[in-house]
Amino acid sequence: MPSKTETPSSPTGASGSAASGAQSALVELVGAKKDYPLGRTVVSALRGVDLVVRRGEFVALAGPSGSGKTTLLNLVGCVDVATAGTVRVDGHDTGRLSEKALTQLRLEALGFIFQSFNLIAVLDVFQNIEFPLLLQGKLGKGERAERVRSIVEKVGLTQQMKQRPAELSGGQRQRVAIARALVTRPRLVLADEPTANLDSETGERIIDLMRELNHTEGTTFLFSTHDPKIMTHADRVVHIADGRVLDAAAGHA
Amino acid sequence: MGTFSTLVRMAGRNLVQGGRRVVLLGMAMVLVSMLLVLLDSLAAGLEASMVNSATTLASGHVNVGGFFKVTSGTASPVVADGPKIRAIVEREVPELDYQIDRVRGWARLVSERASFWGGLLGIDVEEERGLRSVLQISEGSFDALKQPDTILLFEQQAKRLEAKVGDTLTISAPTMGGVNNTVDVRVGAIAKDVGFMSAINLFMPKATIRQLYQMKPEATGAVQLYLKNEADASGVMERLRPKLEAEGFRLMDLDPRPFWMKFDTVTGQDWVGQKLDLTTWREEVSFLLWILTGFAALRWLLLGVILLLVVVGIMNTMYMSIRERTREIGTMRAIGMSRGRVLGLFLLEALALGIGASALGAGLGVVIALSVNAAEIKIASDAFMAILMNDQVYLKLTVDNVVFAVALITGISVFAALRPARRAARMRPVGALHQVG
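As given, the protein sequences belong to chains G and D, one line each in that order. Quick note on our numbering: the first sequence kicks off at 1 and runs consecutively. Quick note on our numbering: the second sequence kicks off at 1 and runs consecutively.
In case anyone wonders, no lab produced these hints; they're calculated from the structure. Keep in mind that a hint or two might mislead.
What the hints assert, rightly or not - Computed spacing ranges between beta-carbons, pair by pair: (1) G:Ala166 x D:Arg21: 11 to 21 angstroms; (2) D:Arg419 x G:Ala145: 30 to 40 angstroms; (3) G:Arg211 x D:Arg21: 43 to 53 angstroms; (4) G:Lys162 x D:Leu370: 40 to 50 angstroms; (5) G:Gln136 x D:Arg21: 54 to 64 angstroms; (6) G:Thr83 x D:Leu31: 44 to 54 angstroms; (7) D:Arg21 x G:His226: 34 to 44 angstroms; (8) D:Leu31 x G:Arg185: 46 to 56 angstroms; (9) G:Arg185 x D:Arg323: 26 to 36 angstroms.
Claimed, not checked - Among chain D residues calculated to face chain G with C-beta under 10 angstroms, some are: (10) Thr3; (11) Ala11; (12) Arg13; (13) Asn14; (14) Gln17; (15) Ser321; (16) Arg325; (17) Arg428; (18) Ala432; (19) Leu433.
To be verified - Residues from chain G that face chain D, not an exhaustive set, calculated with beta carbons under 7 angstroms: (20) Thr103; (21) Arg106; (22) Pro132; (23) Leu135.
Source: prediction; values computed, not measured. Glycine included, every Cβ here is placed at the ideal spot set by N, Cα and C.
Using the sequences and the accompanying hints, generate a full structural model.
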């Protein structure tokens, strides 16, 4: 189990001691619940989820629309906090972190890939990918440029570096999003339906790319999908329905 | 530095992407900035005209005038020993550019067809270098006033009296002894009007007025000090008061009114002999300062309404922009952008819009003001001429006014953006991302 020590000002500082080794838990949900008030009623999006994702895994979350995949990713991605239960990311109980510490944890430890790409329209490919590095403020201009060029090369967008998102195809945009998610070398990349807005061929290529980066960079991936073909690429598939993990064994594989 | 330059770049590009909405708002801000520069220039021009008119015709920057009372119930605007005061001024006022003294009086000027009451100002043409440089003689010669019993009229006075150069007019004035004296004067020059005050001031040689009032040669009306910098006037006046008292002169209490409004007060006081009265040009034209005050009030009222519209416009534009960019805000927050930086991004957009639009507007205002001055537009209405104290539209541009306009509009932009920007910064990333998906 990771340490419960929380350091809001430097949330990622405990990661090394919290869990070392390739098979240690990077994400752990214990009885995680999420309720949303809807008028006078309360909608339970997650009804007590237990899940462990280990370092280096390539895990798919599968389930129909409304099953709770996105809510689960939101909790793991520290953009939301659980109503009850524990969500531990990189050794930190997210329920105990301040807004500032959650932001810092997202910046330092997590990468996001969105279904609709969510690139910043006014920045070109290079600038979009460089953006998280700028927010981190750790690297100089030269180092940033080198890091960005390296990742751009890996996603095959060297020729598009100066283009804006509107000038790219859907597949190219998602490649930019992947590069942006990976450029800070995060410990975990979360992807919410990363292939949903792409044709099947492009979607396959994107998943292949994610898988390749999972192997070469050792980055942990947790992504949601309802496409059976995409699921075949995963180390394991966690099935979720009505806010519960159906296959408990898969959840603790 | 890298983050800041990226945020600046994003702010600039977001403004460009804002399209027609931002363009319309920017144009409104350009217009407001331009209007602000023009209004300020008009106000500064009005004040400059007032200073010019007042200090040319009726006052120095600082005046050492006073009253002489033969009995407690009478008063004359006379300084008995002008040369002594001039010597003190020369010694004690290093800020002095030059000084003159003028004999003062109040009399009726009569022609064959009309008459009016006016303020007599006895001058020495040789030392009136300020008056000589400002007056534009349309008929006759300023040097004609070197001859005794001559007078300079302004065009509107000449028009009222139906007089021209060479005509003889009669001046009738009550003397200190209580009887009326008259003297005939010849019109030596007619000058173009110098604002409102040229309606009532009549210039003639000192000797003529001394003759009219039977005054001694060393007696004068007021010593007028012209300083190198008009802004020093109040300080010089304050410093001069104790110096004159130390020289044995009695001083009147400070009274911020022109000398001709003080007769009733002075005649009601129980003293005789000489008392000096120190004033600055502002006191001498205080009866006209309502014009400046009124103009300033009108300016702020107008600006208040316009600025309110700008504030509403900016807030509306920012709220719309934030609504349209909710997903972008959610994305930036999700990938680790702090609330402070989100706030900063939107404030930067307002700052960029404010600086760009206000600088353009101020620039246009400067160009228009320079063009108006170059065109020498004459004021057709006598009423406006009186209010503006000038016969043509004059916009006085100052760096301070231009900087003020840019700073004010930029500041208002950022201020107006504060609330929407805070709303953007406070968005929960999950909510912002959810809203689109």
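Proposed interface contact between Ser321 of chain D and chain G, which counts if any beta carbon pair is under 10 angstroms: This interface hint is violated because 12 angstroms lies over the 10 angstroms limit.
Closest C-beta approach of Arg106 of chain G to chain D relative to 7 angstroms, hint status: holds, 5 angstroms
Cβ separation of Arg211 of chain G and Arg21 of chain D, checked against the hinted range 43 to 53 angstroms: holds, 44 angstroms
Satisfaction of the Arg13 of chain D interface hint, Cβ to chain G closer than 10 angstroms: holds, 4 angstroms
Hinted contact Ala11 of chain D with chain G - closest CB pair below 10 angstroms: holds, 9 angstroms
Interface restraint verdict for Thr103 of chain G against chain D (beta-carbon cut-off 7 angstroms): Since chain D brings a Cβ to about 5 angstroms from Thr103 of chain G, closer than 7 angstroms, the hint holds.
Arg323 of chain D and Arg185 of chain G - C-beta distance against the hinted 26 to 36 angstroms: With a Cβ separation near 35 angstroms, Arg185 of chain G and Arg323 of chain D satisfy 26 to 36 angstroms, so the hint holds.
Hint status (Cβ of Ala432 of chain D to nearest Cβ of chain G, threshold 10 angstroms): Where the cut-off is 10 angstroms and the nearest Cβ of chain G is about 9 angstroms from Ala432 of chain D, the hint holds.
Outcome for the supplied range 11 to 21 angstroms, where the beta carbon pair is Ala166 of chain G and Arg21 of chain D: holds, 19 angstroms
Assessment of proposed distance window 34 to 44 angstroms (beta carbons of Arg21 of chain D, His226 of chain G): For His226 of chain G against Arg21 of chain D, whose Cβ atoms are near 39 angstroms apart, the range 34 to 44 angstroms holds.
Outcome of range test on Cβ distance (Leu31 of chain D, Arg185 of chain G; 46 to 56 angstroms): holds, 51 angstroms
Chain D contact restraint on Pro132 of chain G - CB to CB distance below 7 angstroms: At about 5 angstroms, which falls below the 7 angstroms cut-off, the nearest Cβ of chain D leaves the hint on Pro132 of chain G intact, so it holds.
Of the hints listed earlier, those the structure fails to meet are numbers 5 and 15, in rising order.
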